[in-house]
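Chemist: Below are the chains, spelled out letter by letter.
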Amino acid sequence: MRQNPSENKSKYDFSLPFGDHIGSFSKRLLKSLEKTCCRSDCFGCLYHDKIYRELIKNELEIADIDLDSKVAVVGSGHYPMTVIELAKKGFRVVGLERDRKAVKNSREIINEKKLEDNVKIRHRDGRDIEYSDFDAVWIAFSVEPKKDILTKVFDGLKEGAKMIYRNPKEKLEGCFSSVEPSRFSKINDEEEQDFGKISALAVKESDDMRFEDLENKTNSVKSLKELELGEEKEVISCPDHSCLNALGIREGKKVKFVTEQPFGGPLLVSVEGRKAAVDRDIAKNIAVA
Amino acid sequence: MEVLLIGPPNVGKSVIFNRLTGLDVGMANYPGTTVDFKKGKASVGDMEYELIDVPGTYSLDASNQAERIAVEMLEDEPAGVVCVLDAVNLESSFHLLMQVLEKDLPTVAVINRTDLLDGFIDSDLISQALDIPVVTSVATRGEGIYEIEDNIGKILEGKISSPQKEISADWRSAEELEDRAVTTSDAAEETWQDRWGDRLIKPFPGIPLAFLILGLMFLFVVGAGLGLRNYVFLPFFEGVLFPRITALVERFLGEGLFRNILIGEYGFLIKAIEWPIGLVLPYIISFYTALSILEDSGYLPRLVVLIDGIFKKMGLSGSHVIPFLLGYGCAIPSIMSTRTMDSRKKRMIVSTMVSLSVPCIAQSGAFIALLAERSAMLVLILFLFSVSAAFLFGIFAGKIFKIKETRMVQEVPELLNPDWKILGKKLWIRIKHYLSKGVLPMIVIIGAASILYETGVLIFVGEALEPIITGWIGLPSEASTPLILGIFRRELAVLPLLEMELTTLQLFVGAVIALFYVPCIAVLGVLAKEFGIHVSAGVLAFTSVFSFFIGGLIMQIGLLLL
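Same order as they appear, the protein sequences are chains V and X.
Quick note: the first sequence, position 164, residue 1033 per the working numbering, numbers continuous.
Quick note: the second sequence, position 311, residue 459 per the working numbering, numbers continuous.
The hints are simulated quantities; they were obtained by calculation from the structure and are not laboratory data.
From a predicted model like this one, the values you see are computed outputs, not experimental measurements.
One or more of the hints may lead you astray.
Listed next, the in silico DSS-like pairs over lysine-lysine satisfying Cα-Cα at most 30 Å (straight line) [said to hold, decoys possible]: (1) X/Lys461 to V/Lys926; (2) X/Lys547 to V/Lys1094; (3) V/Lys1066 to X/Lys550; (4) V/Lys958 to X/Lys350; (5) X/Lys677 to X/Lys547; (6) X/Lys461 to V/Lys1055; (7) V/Lys1122 to X/Lys677; (8) X/Lys461 to V/Lys1094; (9) V/Lys958 to X/Lys677; (10) X/Lys547 to V/Lys957; (11) X/Lys461 to V/Lys1066; (12) V/Lys1153 to X/Lys350; (13) X/Lys493 to V/Lys1153; (14) V/Lys1055 to X/Lys251; (15) V/Lys1091 to X/Lys552; (16) X/Lys552 to V/Lys1066; (17) V/Lys1153 to X/Lys461; (18) V/Lys957 to X/Lys493; (19) V/Lys1122 to X/Lys350; (20) V/Lys1073 to X/Lys552; (21) X/Lys251 to V/Lys1122; (22) X/Lys552 to V/Lys926; (23) V/Lys1038 to X/Lys552; (24) X/Lys550 to V/Lys957; (25) V/Lys1094 to X/Lys552; (26) X/Lys547 to V/Lys1038; (27) X/Lys552 to V/Lys1055; (28) V/Lys1125 to X/Lys251; (29) V/Lys1125 to X/Lys350; (30) V/Lys1091 to X/Lys350; (31) V/Lys958 to X/Lys493; (32) X/Lys550 to V/Lys1094.
Which bits of chain X does chain V cover? Going by a derived footprint, with three or more residues having C-beta under 8 Å, they are [stated by the list, open to error]: (33) 238-244; (34) 347-356; (35) 453-461; (36) 497-503.
Just so it is clear, CB atoms sit at the ideal spot from N, CA and C, and this is done for glycine as well.
Next up, chain V with everything else stripped away, as it sits in the complex:
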């Protein structure tokens, strides 16, 4: 498990807590790219339009939030692309950014785009704010310490509120940290995006199994994907998927891992004698113990 960084670290230090040089480099690259975007509006538009419109569109599809929702974006950045795209869709958005320069830059951009009626940018650390007001909270791809921020945000959410964040695809996992949404909530989803990102959604539930609870059982809890051939375990959390549920893959049921198919094909499991093929990416989000 990664350690939380000490609080006195400079806010300009974006390296990972365990000192991964590649990670720190790519993160700086990302930041400087964003800064360039602020200076050159044309480049900014291009970067923003091409990538983020699609990204947000797909995220809104999985998040499915009402138009009158109040939305926060943690780590909105120098060029607050997520904020702009959400505001354009008509949401009221609060951007949170701990870098003073980024706050200044992004406010200017918001004014230029005439979105100031719907958008507020606040100079805050994502961990020091009350989230119970918001219906949905977006969290930027490269925030750190990611797991800490995600946990704090999710804990502060009101029931039914949604947290949307971005994980790296496998290729980038060495540079950016990844947190699976099934850790937070049974109601979760993932959506593969372009440019090495996977969007993740976790919805706050009332009788939710919290991150800490899972953490206590870390040794015994694993995902269905991690089972050994022939091993049988009880499902403790499972995405809300009508077909999965009907095939008997539900909380409290014993699932046996029968075989797996080559070339990234599905896993074959059996529940009470009934066999089902389950895609690896879905199996990843099924927790068993």
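Could you slot chain X onto chain V? The hints should help.
Modeler: Chain X in isolation, oriented as in the chain V frame:
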């Protein structure tokens, strides 16, 4: 009066459907969607009704198209519902039944496949708990069918009203009801179905066995298809029907353009019957026979699961293997079968892949005739070319059109002995579907093509292409006409090459071009009907350019190396 037949997949719903309906059955299309469902006339006593086989669903959560359609059908005020439950998996069946009962319609529950359960089901208890009639059945043996009909009769007479009990569907009550209603005996002995069911889905020996099964299926389809075509259909057409048509036309029309368009070398009246019925129908029959056996024996879901990993790389899922299988018979049923896919983009990509690089059975035969004489290796290389081109195209198209990958969650049912009667009826429905939906676009486009041919337009195009043929592709100039004729029928692009004195390299290049070349004109007609004329034109342009480009490339590289 409409009665819905609803239930999870693999429960034997279609067996019940076939038992209750007569021969007046067919496929229907749900308006505004690509989902097809079966529909048939049936009667109890002197009351007639229409039985609708709702697409199989595990739930009514409306999380996919089939489920949404099931919900819409239920909300469309049918006279009643027959909900088929799976005796072996009662828990999830109960959940579905409870969701159906929430719709407040007169409902009968049928617990099917009771022969497969080692235990006892207390149907009275279920009947009381849910306040509806409950029937147990073994549809494959015809047991319980009379009771189902009887209950449908009561629904039609209004003797069964919607249930009075307030029922809400949740998993806990479904589990409870199963606990109370079912007593299972101790674990049953492992049958041969269990053993082979497992073997067929483990990568080993599942994958080698899959090759074997597909190989046998291919042999059957080719053999039975060729047999039907050469010994039944063609003798009838050429010996009996066509001479009469020709004589009739000759009596009324003098020699000239019109007569040629009707009965000339590519005459409309001849070809519009010969192709759809004489040449394609035999393969439709043999192919669907083989496919229905794979389906009804429970093997198809296993194949789909085995192959899913590869298809996922293209953004598709294992279930999309079916259009490919069909394509090796004929591209037309293949394109029609993509209707069950959930997105138009995917349908178009799969249809284009099949059009581009899956040779139809007639063409495969011609390839073998053309290349096997020189070397059997060439045939193998050509088929490898076909498969890898389809795969690469799939990957590129998936990236370009941003196909979201499909994540599979699928039941793998146990193996079953197919029932031949039911198989026959299924085949009948499919052939009727082909005759009513597939043949018409073929006929229209064949008509257009005969006009183009007889007026000399095609020959003219062939001549215009000559410089490309001789220069870039390195084939003799007389090859340009057969390549254009390939538009008519794919094997026609290949066979004339046999009679030219060609080098092995030239032969191979000719075969590659014919492989990737425009699908036959009838396929263009079906593409136009399914996706619009612009897609059809796009596929024509793309496959032409692609085939000539690749063919030329191989020739140029070959010339450099040899």
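Chemist: All hints are to be evaluated individually against the structure, with a verdict given for each.
Modeler: Verification of the supplied hints:
no.: 1; hint: X/Lys461 to V/Lys926; verdict: holds (23 Å)
no.: 2; hint: X/Lys547 to V/Lys1094; verdict: holds (27 Å)
no.: 3; hint: V/Lys1066 to X/Lys550; verdict: holds (14 Å)
no.: 4; hint: V/Lys958 to X/Lys350; verdict: violated (48 Å)
no.: 5; hint: X/Lys677 to X/Lys547; verdict: holds (26 Å)
no.: 6; hint: X/Lys461 to V/Lys1055; verdict: holds (28 Å)
no.: 7; hint: V/Lys1122 to X/Lys677; verdict: violated (48 Å)
no.: 8; hint: X/Lys461 to V/Lys1094; verdict: holds (19 Å)
no.: 9; hint: V/Lys958 to X/Lys677; verdict: violated (37 Å)
no.: 10; hint: X/Lys547 to V/Lys957; verdict: holds (27 Å)
no.: 11; hint: X/Lys461 to V/Lys1066; verdict: holds (17 Å)
no.: 12; hint: V/Lys1153 to X/Lys350; verdict: holds (21 Å)
no.: 13; hint: X/Lys493 to V/Lys1153; verdict: holds (28 Å)
no.: 14; hint: V/Lys1055 to X/Lys251; verdict: holds (28 Å)
no.: 15; hint: V/Lys1091 to X/Lys552; verdict: holds (27 Å)
no.: 16; hint: X/Lys552 to V/Lys1066; verdict: holds (14 Å)
no.: 17; hint: V/Lys1153 to X/Lys461; verdict: holds (18 Å)
no.: 18; hint: V/Lys957 to X/Lys493; verdict: holds (28 Å)
no.: 19; hint: V/Lys1122 to X/Lys350; verdict: holds (23 Å)
no.: 20; hint: V/Lys1073 to X/Lys552; verdict: holds (26 Å)
no.: 21; hint: X/Lys251 to V/Lys1122; verdict: holds (29 Å)
no.: 22; hint: X/Lys552 to V/Lys926; verdict: holds (14 Å)
no.: 23; hint: V/Lys1038 to X/Lys552; verdict: holds (15 Å)
no.: 24; hint: X/Lys550 to V/Lys957; verdict: holds (23 Å)
no.: 25; hint: V/Lys1094 to X/Lys552; verdict: holds (22 Å)
no.: 26; hint: X/Lys547 to V/Lys1038; verdict: holds (16 Å)
no.: 27; hint: X/Lys552 to V/Lys1055; verdict: holds (23 Å)
no.: 28; hint: V/Lys1125 to X/Lys251; verdict: violated (35 Å)
no.: 29; hint: V/Lys1125 to X/Lys350; verdict: holds (15 Å)
no.: 30; hint: V/Lys1091 to X/Lys350; verdict: holds (24 Å)
no.: 31; hint: V/Lys958 to X/Lys493; verdict: holds (26 Å)
no.: 32; hint: X/Lys550 to V/Lys1094; verdict: holds (27 Å)
no.: 33; hint: 238-244; verdict: holds (count 4)
no.: 34; hint: 347-356; verdict: holds (count 4)
no.: 35; hint: 453-461; verdict: holds (count 8)
no.: 36; hint: 497-503; verdict: violated (count 0)
The structure does not agree with the numbered hints 4, 7, 9, 28 and 36 stated previously, though it agrees with the rest.
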